[in-house]
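Asks: Sequence:
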Amino acid sequence: MQTREETNYPLIALLPFLKPYKSRVITALIVLVLASSSLLALPVSIGNVVDMGFTKGQPVSQNQLLLFTLVSLLFAVLTTWRFYLVSTLGEHVVADIRKKLFSQVLRLDSHQFETIKVGEILSRLTTDTTLIEQIVGTSISLALRNMIQLIGGIIMLFITSWRLTCVVLVITPMVLVPMMGILRLSRRLARISQDKLAETNAYAGEVLYAVQVAQSFTHEPHHNRKYADAIETSFVTAKQRIRIKSLFSFVMSFSILIAIMAVFWAGSKLVVATPPIITQGELVQFLTYTIFVATAMAAISEVWSDIQRASGASERILELLLAKPGIESPKKPIVLEKKVQGGVVFENVHFSYPSRMDKKVIDGLDISIPAGKMYALVGPSGAGKSTILQLILRFYQQQQGRITIDGHEISQLALQDLRNMIALVPQEVIIFSGTIYDNILYGQPEASKEQVIQAAKMALVDDFVKPLKDGYDTTVGERGLRLSGGQRQRLAIARAFLRNSPILLLDEATSALDAESERLVQKALQTLIANRTTLVIAHRLATIQQADRILFIEDGKIQSQGRHEELLEKSSAYRHLAKLQFVD
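Numbering (this note's numbering), first residue to last: 1 to 584.
Derived from the structure by calculation, the hints contain no laboratory data. All C-beta atoms, glycine included, are put in the ideal place defined by N, C-alpha and C. Certain hints may be false.
[Unchecked claim] Subject to a maximum C-alpha distance of 27 Å in a straight line, what follows is the list of computed DSS-like cross-link-like pairs (lysine-lysine):
no., residue 1, residue 2
1, 99, 373
2, 99, 196
3, 469, 557
4, 196, 324
5, 557, 360
6, 332, 100
[Claimed, not checked] Across the chosen pairs, the derived CB separations fall in these ranges:
no., residue 1, residue 2, range
7, 471, 570, 47 to 53 Å
8, 211, 560, 42 to 48 Å
9, 12, 328, 22 to 28 Å
10, 221, 353, 47 to 53 Å
11, 95, 261, 34 to 40 Å
12, 84, 471, 31 to 37 Å
13, 331, 353, 34 to 40 Å
14, 350, 469, 52 to 58 Å
15, 523, 337, 33 to 39 Å
16, 576, 353, 26 to 32 Å
17, 77, 170, 17 to 23 Å
18, 195, 402, 39 to 45 Å
19, 104, 353, 21 to 27 Å
20, 88, 526, 55 to 61 Å
Produce the entire structure from the sequences given, and follow the hints as far as they go.
Replies: See below:
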């Protein structure tokens with residue numbers, strides 16, 4: 001029994017992507033059969049011309065020339081039509097695969113993104129799907145055409161001369177047996193080569209994303225060496241695959257030429273026999289069909305090599321398509337009929353990251369945040385503050401305990417409904433390439449222009465946009481590099497204003513800003529926080545002092561809680577942290 005590694009199961013698993021284009025596939029198959037049939041008719045005309053001219057000494061008739069021309073024209077038209085149909089089919093299918101794959105990647109949970117690099121995902125979206133496009137748009141069509149040519153050619157060989165056909169059948173197995181072993185090895189090397197290339201792309205993406213860090217540490221030579229080593233490893237694997245493919249081409253080419261010579265030698269014996277067993281025209285016809293069969297076998301073997309590579313690519317694509325997110329919406333989610341107030345409650349919550357199950361990040365946490373109140377999370381680095389925000393958003397799922405919003409367990413809500421209740425202003429603001437307007441609109445894509453401008457004004461974005469020549473149509477550059485840290489932070493706040501969600505999660509990052517930017521961001525935040533349930537990771541004393549309650553988190557537990565002045569009196573750990581961390 002063949003294993004999955006030895007078959008083309010992954011390619012078969014991608015067949016559902018052809019279903020929407022069933023009529024195009026059927027049309028392409030019909031055109032393919034007609035084109036191949038017209039090609040198989042040509043050697044008969046060639047044989048007749050030879051017999052008329054060389055054996056009977058008669059010139060070629062106009063009817064024969066006209067027939068040959070019409071068959072050639074029909075073959076050319078059908079071949080062109082077939083090429084157009086399958087090429088556009090390949091484009092359609094690969095576009096659908098890429099859309100499906102990208103949609104699936106966006107559904108993966110945070111733990112899955114810990115185990116697969118973004119560069120590798122991009123490699124599967126581009127390099128691997130390009131191989132699939134080549135197969136669907138070219139290779140499979142060529143394989144079918146040559147398969148028809150092979151079968152039709154063999155039938156015509158029997159019709160022309162069964163004696164010479166027996167010679168061909170004796171030679172064929174001697175060629176095919178070693179071929180299959182070479183192809184199987186080529187398939188394994190193709191998969192390894194693609195994996196190595198994906199690892200190389202992942203490393204390059206990681207370095208380019210942090211190119212300023214690399215330059216500031218003068219690590220360019222180090223990264224150059226590491227990337228060169230990765231490229232060399234990929235090249236060595238690719239070279240092994242090419243060496244195997246070259247060996248395959250040599251064996252195939254040599255075998256075909258030997259087969260044609262054997263047929264020519266045997267055929268010449270039949271022509272000069274007394275009486276002749278076949279005519280000169282029939283020998284030419286047979287040799288033409290032999291070339292058809294030989295070239296069809298060579299083309300099929302070449303295409304088979306491409307199919308082996310595409311099968312390796314489809315395996316990698318299927319790994320993503322079949323990956324099931326660990327966190328999904330329930331099959332029958334709760335639909336909230338009342339307006340969300342935003343009360344958030346943690347009840348005896350325990351959590352460890354899936355990759356580090358031996359370490360508890362959250363240990364028996366109990367929090368009750370009334371709707372409309374502001375709670376601040378403070379504590380040393382690694383205490384679990386950011387994890388609390390991630391659990392509310394269900395980026396991760398707690399192992400024990402309950403998290404509820406307005407009394408409803410968040411695991412019973414659809415992920416989209418849950419996350420629509422929440423606005424997040426992260427510590428590391430992500431700005432997308434595009435315009436300032438586009439980046440604010442990201443908070444609520446259905447919002448009107450008036451709503452976007454209003455959100456921008458409330459977040460004090462309007463202040464720095466007005467002097468710009470293109471205003472809100474100003475492009476921000478990749479990752480917002482044309483904007484300052486304070487401007488990016490205010491854009492994130494504008495998104496939250498536009499989203500207008502009842503719950504606000506704020507991983508405050510104003511400590512990294514200059515005094516003027518920090519003052520403007522704090523002013524915008526005070527407006528944003530009003531009348532919302534707010535959970536903020538606090539770094540600034542101003543934020544802490546306006547909080548309704550401060551939760552001092554350490555080792556995943558609440559060590560103490562209260563107002564700022566209360567904690568200064570009753571908690572030595574908080575007092576020590578305040579002296580070290582909080583900036584006035």
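Asks: Taking each numbered hint in turn, which are not upheld by the structure, reported in ascending numerical order?
Replies: 1, 3, 10, 11, 12, 13 and 17
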